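Could you build the full structure based on these sequences and the hints that come with them?
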Amino acid sequence: NAGVTQTPKFQVLKTGQSMTLQCAQDMNHEYMSWYRQDPGMGLRLIHYSVGAGITDQGEVPNGYNVSRSTTEDFPLRLLSAAPSQTSVYFCASSRETGELFFGEGSRLTVL
Amino acid sequence: GESVGLHLPTLSVQEGDNSIINCAYSNSASDYFIWYKQESGKGPQFIIDIRSNMDKRQGQRVTVLLNKTVKHLSLQIAATQPGDSAVYFCAERETGGFKTIFGAGTRLFVKA
Chain A
103 NAGVTQTPKF QVLKTGQSMT LQCAQDMNHE YMSWYRQDPG MGLRLIHYSV
153 GAGITDQGEV PNGYNVSRST TEDFPLRLLS AAPSQTSVYF CASSRETGEL
203 FFGEGSRLTV L
Chain B
26 GESVGLHLPT LSVQEGDNSI INCAYSNSAS DYFIWYKQES GKGPQFIIDI
76 RSNMDKRQGQ RVTVLLNKTV KHLSLQIAAT QPGDSAVYFC AERETGGFKT
126 IFGAGTRLFV KA
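Listed in order, the protein sequences are those of chains A and B.
Residue 106 in this note's numbering sits at position 4 of the first sequence, and the numbers go up by one each step.
Residue 87 in this note's numbering sits at position 62 of the second sequence, and the numbers go up by one each step.
In case anyone wonders, no lab produced these hints; they're calculated from the structure.
None of these values were measured; they are calculated from a predicted model.
Hints may be right or wrong, so weigh each one.
[As the list claims (entries may be wrong)] DSSO-like cross-link-like pairs, simulated, lysine-lysine; straight-line CA separation at most 27 Å:
#1 B:K67 - B:K136
#2 B:K81 - B:K96
#3 A:K111 - B:K124
#4 B:K67 - B:K124
#5 B:K62 - B:K93
#6 B:K67 - A:K111
#7 B:K136 - B:K93
#8 A:K111 - B:K62
#9 A:K116 - B:K67
#10 B:K96 - B:K136
#11 B:K96 - B:K62
#12 B:K124 - B:K136
[Said to hold, decoys possible] Have a look at the derived ranges for each label pair, beta carbon to beta carbon:
#13 B:R86 - A:Q119: 45 to 55 Å
#14 A:T199 - B:Q85: 20 to 30 Å
#15 A:G118 - B:Q85: 43 to 53 Å
#16 A:T211 - B:N78: 17 to 27 Å
#17 A:I156 - B:R76: 20 to 30 Å
#18 B:G84 - A:E198: 35 to 45 Å
#19 A:S182 - B:S65: 41 to 51 Å
[Stated by the list, open to error] Here are a few chain A residues that face chain B, going by a calculated C-beta distance under 10 Å:
#20 V106
#21 L145
#22 D158
#23 S196
#24 L202
Built from N, CA and C at the ideal position, the CB exists for glycine as well.
Right, dumping it as structure tokens:
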């Protein structure tokens, strides 16, 4: 099993550009989520999903969109990138109960 | 909103000593607590968890203690090794909920 796979690992954007961070898991987990981690900080929840077709906002959802068309995939879209969105983004999945399994992160820089 | 926080941002210990990392939480509705370890450049990894119907749980070299009265969580690492150097996060989840909220983290340095 690959676990949680995130792509790309690194990305540089200009202000105003849009992009999608991809996340896929092969563990048949119902729950998936996106976090951002700023330097020296903890993880803040952006959006999460409890199953295909169901998404909800986390702590810092503004500027991000998500969708969950399949159990496996949970992409995160930045509609118009801003320098404040420079961060490391982590995708995670879990069963309904239990711990989160994280991807290796996607490092985004917005100029 | 509810939050999970930590008392100490950094902790430095001698190799072979025991480490204790503390965490305070404020959401009394939380019933599931998890400790994660994050090494540089990697995603967080699960260490140990505990549910609110327990006050202690032991793993390999790690123990988690939960005090619901004062909303306090701690992670104890026995015989700390250089490989334990990392940032440690506590996290909480509400009863019947799916959101996992993280604390700010504690960086553990292990001196040889």
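Checked hints:
no. : hint                       : result
1   : B:K67 - B:K136             : holds (22 Å)
2   : B:K81 - B:K96              : holds (14 Å)
3   : A:K111 - B:K124            : holds (25 Å)
4   : B:K67 - B:K124             : holds (21 Å)
5   : B:K62 - B:K93              : holds (23 Å)
6   : B:K67 - A:K111             : holds (11 Å)
7   : B:K136 - B:K93             : violated (33 Å)
8   : A:K111 - B:K62             : holds (20 Å)
9   : A:K116 - B:K67             : holds (25 Å)
10  : B:K96 - B:K136             : violated (31 Å)
11  : B:K96 - B:K62              : holds (21 Å)
12  : B:K124 - B:K136            : violated (36 Å)
13  : B:R86 - A:Q119: 45 to 55 Å : holds (46 Å)
14  : A:T199 - B:Q85: 20 to 30 Å : holds (22 Å)
15  : A:G118 - B:Q85: 43 to 53 Å : holds (49 Å)
16  : A:T211 - B:N78: 17 to 27 Å : violated (44 Å)
17  : A:I156 - B:R76: 20 to 30 Å : holds (25 Å)
18  : B:G84 - A:E198: 35 to 45 Å : violated (22 Å)
19  : A:S182 - B:S65: 41 to 51 Å : violated (31 Å)
20  : V106                       : holds (8 Å)
21  : L145                       : holds (4 Å)
22  : D158                       : holds (8 Å)
23  : S196                       : holds (8 Å)
24  : L202                       : holds (6 Å)
Checked against the numbered hints given earlier, this structure breaks hints 7, 10, 12, 16, 18, 19; the rest are met.
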